[in-house]
Amino acid sequence: MTRISVKSEIGRLQTVVVHRPGPEVDRMTPTLMNEMLFDDILFGNEARAEHDIFRRVLGQVARVLDSQQMLAEALVHEDARTFLVSHLGAFCPLSRDDEDWLASLTPTELAANVVGGWYEMDQTGRNYVFKIPPIPNLLFMRDPAAVIGDTVSVNHMATTARRSEPLVLETILRYHPTYKVDANRLIWFDNDENYRFKLLDSRNTIEGGDILVLSEHIVAVGVSIRTTQSKMMQLAERLRKYGRFKTLLAVLLPHKRSAMHLDTVFTQIDPEHCLVFPPFMEPNQPESCPVLRVDMTAKELVIELKPDLMTALAQEGHPLKPIRCGGSNRLDQEREQWTDGANAFCLAPGVALAYSRNTRTAEELTKVGYQVVTAEQVLEGGIDVLDGKRYLIIIRGNELSRARGGPRCMTMPLLRDQL
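1 is the number of the first residue of the sequence shown in this note's numbering; add one for each residue after it.
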């Protein structure tokens, strides 16, 4: 069984899961956009081209896995096929004939139908009906599950469009021949293991974009439009049982789409610095987000209010200097935060991936010693990004960013080196 462990946001990346956008993106129509949480229809070929470059850059330092391929590898086992098909009915009404047809598919075909969707035309031949809805948001691998220390959280998604994603991840985590996780290391949020596959309870949800592992002792969790305070407290209870983490810092985000998850307004990029959306993350701002400090070492969970995340981190002995997403101009801050300027992803300490379109953010990083290099420069082999210098690797993301997610959103690290 392969080791799975993440004890920081910045340790050298060893293994990461992504998902290349496929037919599920091409099957998006204007009438499905709102339901599927998209603001626009993506040009699939361009999104795939951008994602391919992104994946190749990740592959310069780490092993890169694709979730759909991993699902197909897990589905070689009959128990995995039974588990997946039997639970699909929680998300879409399947007849016995439908289940029999799915059971007849090869592992690769079954994985493709679960992710890309399965539809048929109605009797008129003019309208299509999805028997299994596509899951285009699987592009954002960060959310349905999260490695927290040596454990893996199987999450509860806040929206109907994403409810089936944890089923895909759990099938992998239970049955994959290489990346299967022991049941005692999986974090579920209810005693009834089938609860997460029942009707959606939007008052009791948690998503991986709100979970940031800042050190082997500190976890930050956003309380947001996607993660509820009750689920945050459940996570604290679960983590306390493992005895590794000492503090959970719950950041109370405004309930805005622009601040969907904590990692849209805050990401750590090296031992000293973090990228932030200043109005929410900097101290002494009118909109500074307050923080609940949860002490997980006490007999009962102890909660203390802190004014903001920067102050709370400093008091935990984990001080970070904020780098402004968008620079000093509020208009630039809002524009670049919207296109995921604060959503960087680290390949190693001081080696971050970001979208090239967020130029003001890149300028701010050069002021603290980052060298801005393109994905093409890295892939041509002229730059060793692990030479100890600070690099901001910029990738083209004009199409990917329209889906409302950045480099961190598109990744689920399985293994990082410990700092």
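Honestly, the hints are just simulated from the structure, not real lab data.
Small disclaimer: the values here were computed from a predicted structure and weren't measured.
Among these hints, one or two may not hold up.
What follows is a set of in silico ranges between Cβ atoms, one per label pair, in the way DEER data are often shown [claimed, not checked]:
no. : residue 1 : residue 2 : range
1   : 89        : 66        : 21 to 27 Å
2   : 66        : 160       : 47 to 53 Å
3   : 33        : 384       : 40 to 46 Å
4   : 271       : 150       : 19 to 25 Å
5   : 373       : 314       : 27 to 33 Å
6   : 229       : 297       : 45 to 51 Å
7   : 120       : 178       : 34 to 40 Å
8   : 93        : 56        : 38 to 44 Å
9   : 160       : 100       : 49 to 55 Å
Just so you know, even glycine gets a beta-carbon here, dropped at the ideal spot from N, CA and C.
Going through the hints against the structure:
1. Checked against the hint of 21 to 27 Å, the pair residue 89 and residue 66 passes, with Cβ atoms roughly 26 Å apart.
2. The hinted window of 47 to 53 Å between residue 66 and residue 160 is violated, with their beta carbons roughly 25 Å apart.
3. For residue 33 paired with residue 384, a C-beta distance near 42 Å keeps the hint of 40 to 46 Å intact.
4. For the pair residue 271 and residue 150, the supplied restraint of 19 to 25 Å holds, since their beta-carbon distance comes to about 22 Å.
5. Between residue 373 and residue 314 the Cβ separation comes to about 31 Å, which falls inside the hinted range of 27 to 33 Å.
6. For residue 229 paired with residue 297, a C-beta distance near 21 Å fails the hint of 45 to 51 Å.
7. For the pair residue 120 and residue 178, the beta carbons lie near 35 Å from each other, so the given range of 34 to 40 Å is met.
8. Judged by the Cβ atoms, the range 38 to 44 Å given for residue 93 and residue 56 holds: they are separated by roughly 40 Å.
9. Between residue 160 and residue 100 the C-beta distance comes to about 26 Å, which lies outside the given range of 49 to 55 Å.
The structure does not agree with the numbered hints 2, 6, 9 stated previously, though it agrees with the rest.
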